[in-house]
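Quick note: the sequence shown uses the UniProt record's numbering, first residue 1, plus one each step.
Think of the hints as simulated: they come from the structure by calculation, not from any bench.
Not one of these hints is a red herring.
Simulated restraints on C-beta separations:
| no. | residue 1 | residue 2 | range |
| --- | --- | --- | --- |
| 1 | M1 | Q40 | 22 to 32 Å |
| 2 | Q51 | E23 | 18 to 28 Å |
| 3 | A11 | D50 | 14 to 24 Å |
| 4 | Q57 | Q33 | 39 to 49 Å |
| 5 | E23 | L52 | 19 to 29 Å |
| 6 | D7 | Q57 | 39 to 49 Å |
| 7 | E68 | K2 | 33 to 43 Å |
All residues carry an ideal CB built from backbone N, CA and C; glycine is no exception.
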Amino acid sequence: MKNLIEDVTCAGCYCACDDIRLETDGQQIQEVQTTCSQGQVWFERAASTDQLVPQIQGQPVSQTTAIERA
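All chains, full assembly: derive it from the sequences and hints.
Now the structure itself:
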């Protein structure tokens with residue numbers, strides 16, 4: 001089910017535009033509307049499922065464990 005979320009604030013730069021519209025599938029952002037190219041990149045990175053995973057000695061660990069060991 002697609003949802004339209006309106007009046008979202010973009011943190012892509014110092015302008016903090018607050019008229020962004022996002023279309024989601026209820027879990028992930030599917031489309032970003034009314035944003036500049038810098039905002040588009042920011043939302044794509046924020047929605048990416050390809051996030052960095054903390055590791056200890058080459059093994060994936062939770063963020064909590066990584067912070068405790070840091």
